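Novice: The residues making up each chain are set out below.
2 protein chains.
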Amino acid sequence: MSFERAGNAHSSSDQTTVRRANLGVVLQQIAGGEPRSRARVASDTGLTRGTVSSLVGELIELDLLRETGEDQRSGRAGRPGLALELSDRVVAVGLEVNVDYLAVCVEDLAGNVRYQKHVHTDNRRSAPGPVLNRLARLARGAEELIAAESLVSAGIAVALPGLVAAESGTLLRAPNLGWSDIAVADEISSRLGGVPVRVDNEANLAALAEHWQGVARGLDNFICVFAEVGVGAGIFIGGDLFRGSHGFGAELGHITVAPGGLPCQCGAVGCLETIVGQEAIARRAGICEDDKRRARNVTRELVRRAEQGDAAVIASLAEASRALGIGLASAVNLFDVDAVVLGGCLGPLAPWLVADVREALGVRVLSAGWSGCEVLVSEFGEGAAVRGAAALTLRSVLAEPWLVAERSVAVREGVS
Amino acid sequence: MSFERAGNAHSSSDQTTVRRANLGVVLQQIAGGEPRSRARVASDTGLTRGTVSSLVGELIELDLLRETGEDQRSGRAGRPGLALELSDRVVAVGLEVNVDYLAVCVEDLAGNVRYQKHVHTDNRRSAPGPVLNRLARLARGAEELIAAESLVSAGIAVALPGLVAAESGTLLRAPNLGWSDIAVADEISSRLGGVPVRVDNEANLAALAEHWQGVARGLDNFICVFAEVGVGAGIFIGGDLFRGSHGFGAELGHITVAPGGLPCQCGAVGCLETIVGQEAIARRAGICEDDKRRARNVTRELVRRAEQGDAAVIASLAEASRALGIGLASAVNLFDVDAVVLGGCLGPLAPWLVADVREALGVRVLSAGWSGCEVLVSEFGEGAAVRGAAALTLRSVLAEPWLVAERSVAVREGVS
Chain A
1 MSFERAGNAH
11 SSSDQTTVRR
21 ANLGVVLQQI
31 AGGEPRSRAR
41 VASDTGLTRG
51 TVSSLVGELI
61 ELDLLRETGE
71 DQRSGRAGRP
81 GLALELSDRV
91 VAVGLEVNVD
101 YLAVCVEDLA
111 GNVRYQKHVH
121 TDNRRSAPGP
131 VLNRLARLAR
141 GAEELIAAES
151 LVSAGIAVAL
161 PGLVAAESGT
171 LLRAPNLGWS
181 DIAVADEISS
191 RLGGVPVRVD
201 NEANLAALAE
211 HWQGVARGLD
221 NFICVFAEVG
231 VGAGIFIGGD
241 LFRGSHGFGA
251 ELGHITVAPG
261 GLPCQCGAVG
271 CLETIVGQEA
281 IARRAGICED
291 DKRRARNVTR
301 ELVRRAEQGD
311 AAVIASLAEA
321 SRALGIGLAS
331 AVNLFDVDAV
341 VLGGCLGPLA
351 PWLVADVREA
361 LGVRVLSAGW
371 SGCEVLVSEF
381 GEGAAVRGAA
391 ALTLRSVLAE
401 PWLVAERSVA
411 VREGVS
Chain B
1001 MSFERAGNAH
1011 SSSDQTTVRR
1021 ANLGVVLQQI
1031 AGGEPRSRAR
1041 VASDTGLTRG
1051 TVSSLVGELI
1061 ELDLLRETGE
1071 DQRSGRAGRP
1081 GLALELSDRV
1091 VAVGLEVNVD
1101 YLAVCVEDLA
1111 GNVRYQKHVH
1121 TDNRRSAPGP
1131 VLNRLARLAR
1141 GAEELIAAES
1151 LVSAGIAVAL
1161 PGLVAAESGT
1171 LLRAPNLGWS
1181 DIAVADEISS
1191 RLGGVPVRVD
1201 NEANLAALAE
1211 HWQGVARGLD
1221 NFICVFAEVG
1231 VGAGIFIGGD
1241 LFRGSHGFGA
1251 ELGHITVAPG
1261 GLPCQCGAVG
1271 CLETIVGQEA
1281 IARRAGICED
1291 DKRRARNVTR
1301 ELVRRAEQGD
1311 AAVIASLAEA
1321 SRALGIGLAS
1331 AVNLFDVDAV
1341 VLGGCLGPLA
1351 PWLVADVREA
1361 LGVRVLSAGW
1371 SGCEVLVSEF
1381 GEGAAVRGAA
1391 ALTLRSVLAE
1401 PWLVAERSVA
1411 VREGVS
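Line by line, the protein sequences are chains A and B. Under the numbering used here, the first residue of the first sequence carries the number 1, and numbering increases by one thereafter. Under the numbering used here, the first residue of the second sequence carries the number 1001, and numbering increases by one thereafter.
The hints are simulated quantities; they were obtained by calculation from the structure and are not laboratory data. All of these numbers come straight from a predicted model, not from anything done at the bench. It cannot be assumed that every hint is accurate.
Per label pair, the in silico range of CB-to-CB distance [claimed, not checked]: (1) G1362/B <-> E289/A: 31 to 39 Å; (2) E359/A <-> E1289/B: 29 to 37 Å; (3) A1312/B <-> E359/A: 33 to 41 Å; (4) D1014/B <-> T48/A: 23 to 31 Å; (5) R217/A <-> A1405/B: 57 to 65 Å; (6) E1400/B <-> R300/A: 57 to 65 Å; (7) R1125/B <-> R300/A: 53 to 61 Å; (8) S12/A <-> E1034/B: 55 to 63 Å.
Which chain A residues stay away from chain B? Per the calculated CB distances, all over 10 Å, these [said to hold, decoys possible]: (9) I60; (10) L172; (11) S245; (12) K292; (13) R304; (14) D338.
Glycine included, each C-beta is placed from N, C-alpha and C at the ideal position.
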């Protein structure tokens, strides 16, 4: 195998390291734009044509790239001129346990959602075991699609509504579920025959989805609020998730916005999520439990009533928008980001929230006159976190493409 | 000059780069512990003895290192065994404009304060020009000491109580002074004959001082609150100041802790600094302007009254401690740091604050059970920011020792 950087790669393990890094360089180059020829990849990356051909060969073999028609730039026929693009055969599975729904999606490397399913169900009424059984059944539905379409699964990740210890795969504390210390990664893995499973906080994953395919594409510094029953945030700083010292940062839902306010499920008082979560908004609007159960999707019910001019709902939304403005202004005073993204139930509810949030950022952020922080609205609705769970795997495939071989073998063995 | 890394340094500019990096490596190695011999520096850094000797020679010439007696480890006599330590001849000048005082200090590389002066004066009653005149006079006092003791000044930096654009050296907005858009770096520089001057936010510099020589030494992730009249914070993440997208982050004083509270100088309502700053505490305790003026140092007056059991002061401190607890718990929920440092006037007032802050962190931080965030008390009092201003320069000398030659020349030329 020709290798023109041999001067820096004395041993075979050095050569492997350099080759792996270059696999990532080539794949990310192609992922970052339109289809292009090997020759153009070579000129864009500074690698020789021979090296690019060899790397592209491996990436095609791994189902990460494919050739598509002629390269429109070179205009020449024949193999070296064929344009390369991301393959749609490598996919990742996203799963999500939320307070009032379960979700699954399959997304491919090119950003297409191949499969998705949301099941509304009140998980507060269940012990963790049966909920995780149901989630595993959803995952098996995804696995069946993957097998039927001969796709390659690069991995599975689960979005969780609470504090997560990512390395051990544990949900430490989910106040709104009343769960603590659940080894979710192991539990799901064992239900799926031992495939590797990663877990992360839902709001972190929602932020990842916005950065990967959503309204925050191209933004390096932003705060994404993800509200359902609970309220969390994912914070991007310098192009990456900010996690804090122990991975417990960005808990926006538990900053205090109403010191003398209502008790929160977390044990404190006046947390943001006591006013801004969808159930908090419904409760303050006087929507009773029966109405909520009948409507099933609380957010949709809130939107319906607000559109009809329901005064109680509109007043509750106004209160939520004030609290959200206070909370986000505090966070922007601390993080000095370029944008905030309203996600989860705040997306559909945005028409009743955005103006107040924008005003609060203008009045309450000390640097508002110099920096200016945009207010963006997610287009994913409650689908953001589960798509982010898939993106978690897909991002790591782009960064370390060689791992896909190991992963897909592990997934196949687990399923068989 | 012998140079054993010539294999990686093809051109003379490469050689300069490598040599400069190695100057920093050697200087930081010696700064990080007890005095040691050239031989030990060589074995600790992996550089050859010849290179170390040459680098040490240059560092001695730059007045950054000095030899001191025998190396206790080698026990051998003669020049190569002589122990090396940081010289106390290279110093930096810190200046500070605060709302009710001006300050200057001279600190040497070894961490000794060679000179310091605090002048209590209400800068709200003055236009910027006269205040900066007075600050420049303080700086000249420092320059005279430096000249008299034949020290080498590595630079001057100014701590400012507001939003700072560090690159342009401008104070953009200081709500408590009522100043905006003041080119402080240029103003001070021109008053000192053109020496280069840097500026930074006071709370950032206070955090730097705590990390450099204070209670946060060795901590990579902490929030340092610096309260005087205003309240700011400096936040260390991963061993460095977190500045945000435009350098305006960490504005803890303007997060909302009392939504229906008092108006703040910044134009918002219920900001942390409306309750926690020293004047806010004094005002809520009913201490009138005349009493404050008579006491001159408001913090000392608050301590005196609290120690005597003054019920109004103790009640106001209790209110401040609750607000501070709420604000810090919100910040810790977002940043997930290992410690908070109470600085500025909060240091002397800590006996009336720490218990409430600790309790708030325990109750209001979602991850309190897993992470645990210490509450530390600064020992610098109102001297933290001005010492941090000196540390700003001294840190950069350690990182880039060769710059000290250029800087000290510039300073000498400016003064002469």
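Novice: Next step is simple, just say for each hint if it's right about the structure.
Specialist: Hint-by-hint comparison with the structure:
1. G1362/B <-> E289/A: 31 to 39 Å: For E289/A against G1362/B, whose Cβ atoms are near 33 Å apart, the range 31 to 39 Å holds.
2. E359/A <-> E1289/B: 29 to 37 Å: holds (34 Å)
3. A1312/B <-> E359/A: 33 to 41 Å: With a Cβ separation near 36 Å, A1312/B and E359/A satisfy 33 to 41 Å, so the hint holds.
4. D1014/B <-> T48/A: 23 to 31 Å: About 24 Å separates the Cβ atoms of D1014/B and T48/A, which means 23 to 31 Å holds.
5. R217/A <-> A1405/B: 57 to 65 Å: violated (46 Å)
6. E1400/B <-> R300/A: 57 to 65 Å: Once the Cβ atoms are compared, 59 Å apart, the range 57 to 65 Å for R300/A and E1400/B holds.
7. R1125/B <-> R300/A: 53 to 61 Å: holds (59 Å)
8. S12/A <-> E1034/B: 55 to 63 Å: violated (43 Å)
9. I60: Holds, because the least Cβ-Cβ distance between I60/A and chain B comes to about 36 Å, which exceeds 10 Å.
10. L172: violated (6 Å)
11. S245: Check fails; 4 Å does not lie beyond 10 Å.
12. K292: Check passes; 25 Å lies beyond 10 Å.
13. R304: holds (29 Å)
14. D338: violated (5 Å)
Comparing the model with each numbered hint stated earlier shows that hints 5, 8, 10, 11 and 14 do not hold.
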